[in-house]
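Based on the provided sequences and hints, a complete structural model is requested.
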Amino acid sequence: MPRKAQQQRPSKVYGLRHSTIPHAPERLHIGKRWCLTDSKKAYRRQPHPLFGKWSIRYSLNRHGYRCPDFNREVIEDPTRFRLVVLGGSETFGLGLPADKLYVNLLASRLEEYSGREVTAWNLGLPMASSSYMARMLYPAITELRPDFLFLSFPEQLGYREYFNDDDEVFFCAPGGMADRRSPSRFWDPEGYRIDRAHLSLESQFNNTACFYHNYSYCEFLCDHHGIDWLYSVPDSGSGALGADSFLESKRVGSVISQFILAGDTESGEQLARDFRHPGVHPNQCYADAVFDCYIAKYGKGRAE
Amino acid sequence: MTDLPAGVMNAAELMPLFSDVAIPCTGHRNMGKCRWFGSDSERHYLSNRHPLFGPDDIEYSFNRHGYRCIEFDERERFDKDHLHLLTVGESHAFGMGLPEDRSYGYLVARKLQALTGRGVQHWNLSQGGIGADYIARVLPSALAVLRPNFVILNFPNRHRREYIFADGNYLTCGDGDQVAGSVHTAERHDSVRAAHFEHAHDDSNKFNQWKLFIACQRHLRARKAMWVAHASFNIPLRFHEYIDKGKVEPRTIMETGKAKYRDQPGLWLARDGKHAGVGPHADLADDTSAMFVREYAQEIDQLAVRLAGESSR
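If you read the sequences in order, they're chains B and P.
Residue 155 in the working numbering sits at position 155 of the first sequence, with consecutive numbering throughout.
When you read off a place in the second sequence, starting at 1, and then add 1000, the result is the number in the working numbering.
Derived from the structure by calculation, the hints contain no laboratory data.
We treat Cβ as the ideally placed atom computed from N, Cα and C, and that holds for glycine.
Errors might be hidden in some of the hints.
As the list claims (entries may be wrong) - Heads up, simulated DSS-like pairs for lysine-lysine below, C-alpha to C-alpha not over 27 Å straight-line:
| no. | chain 1 | residue 1 | chain 2 | residue 2 |
| --- | --- | --- | --- | --- |
| 1 | P | K1033 | P | K1274 |
| 2 | P | K1224 | B | K297 |
| 3 | P | K1247 | P | K1206 |
| 4 | P | K1274 | P | K1258 |
| 5 | P | K1206 | P | K1111 |
| 6 | B | K250 | P | K1224 |
What the hints assert, rightly or not - Below, a sample of chain B positions facing chain P; criterion: calculated Cβ distance under 7 Å:
| no. | residue |
| --- | --- |
| 7 | F163 |
| 8 | Y192 |
| 9 | R193 |
| 10 | H224 |
Written out as structure tokens, the structure is:
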């Protein structure tokens, strides 16, 4: 499409021009029982001790997220506590049933603590990047009006999102990953080209710069709206008052993969069904860590 | 281009990103002084002579890091009552085709000097052909190292995106053939431009620009610097609440004096015939210093009182 025409046509990329919650990218191909690295083929090769073929169901809402629908009644109900979580595949819960996922465990703990009904909106998606989180943040804050917002920045900084002329969203994974999937040159030539371009431009510098800009943007927006929010990031940056400082008071001290116990391979509790993502135990510990941090920072806060 | 950057960079010169003790080098580091630079070429001058500036009237003087200002080590030698103005922007702010003392950043520094009664050092960290990514990358380090009292940001058009390679070099690609950066090989230009256009999306570029602008605001607020910005983009209504609109001038320098200098090409254009000349720079300097006074009258008064108290002690 000519550049001028591209600039003048109305955009369909929700989250960039529109305030509504955008639909999850249709290109992600999230199945009902299998999704990306959590594949049937991988399961046959290496069955999981805890989860069988039928143990996991990826139930998505109308917008394509693994959470309840974004109902207007729920958003406007003052008696409810609204929890919104943005993140990557760990937040989506790849290879885990929904009830073992840290987002829902955190919601249960908040419910128990506050005595209020908690609605947990999980906007995490597999292969999501910090750019995705930055794009989603404005509609998430203004449309869902969270009482508590948690940003779980992906631990790998190399993920990116791109758009094509038809405003489709492409998620690209960092190069050099063991389980990286490239789009087929024949079945998806456009995805293939975008992925190749992504790999040719990828570098540690770009990843760091992109992540830090997205983090700074998210911090500014959350503080501007005065909401209760916390975040977790992998260890990067000085952490002090340097040029790359993070807001330590809102930071959860650990990321989810730190809770994976290296020696425990027998029980199946450490890793999810795809043997790549965190399992039951790390999710439980992470939910506890986020909850403790929330209580320490905000007390009962809006839960009161 | 007559003067290409002195050579490719290595990763150690660029790293660490967002350092609070060092400002990253540019491709023009160790370049010293030159008479012709970038689009301000001798070849262009010989075919299009400038009414005001001759071949010897302009000198581009770069510090060791490749910026058109004095060495960053000098910052520590200034007295406490000396003030500092930082400019980060594109080629107009760099002063392409103009002597340094006719660029608007320098003129604003002189106006602030007259206003406060203190010496004002101008740190010009602008570069030709850069995008918002460059500004957001350099600004945190510049704020930490130079500790400026005043900051001017000059945002270029949204299509420019910066890519940093694993070896520490960087390139900025625009919407046309324009490529600027620290490494100039046809092979790398072609591969980066191809990938850049594969990812080019107008909404994505716009969002990137707003996002980086807001990120810059976050850094400026954290450092409590007095700042204004020149940005040619239209910020969508829903983002207005995040932006200190009084501090943003939504026009480009070339838009300001087109009618005024129609009959005075010597004032209208710089020696390269592409960038703003002496007239628009002087006008923009007036507008910018007026913005500082309007937005920070109280802070400037307090600063003057505090410095007067410190110097009397």
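Which hint numbers does the structure go against, in order from smallest to largest?
Result: hints 5 and 8 break, sorted rising.
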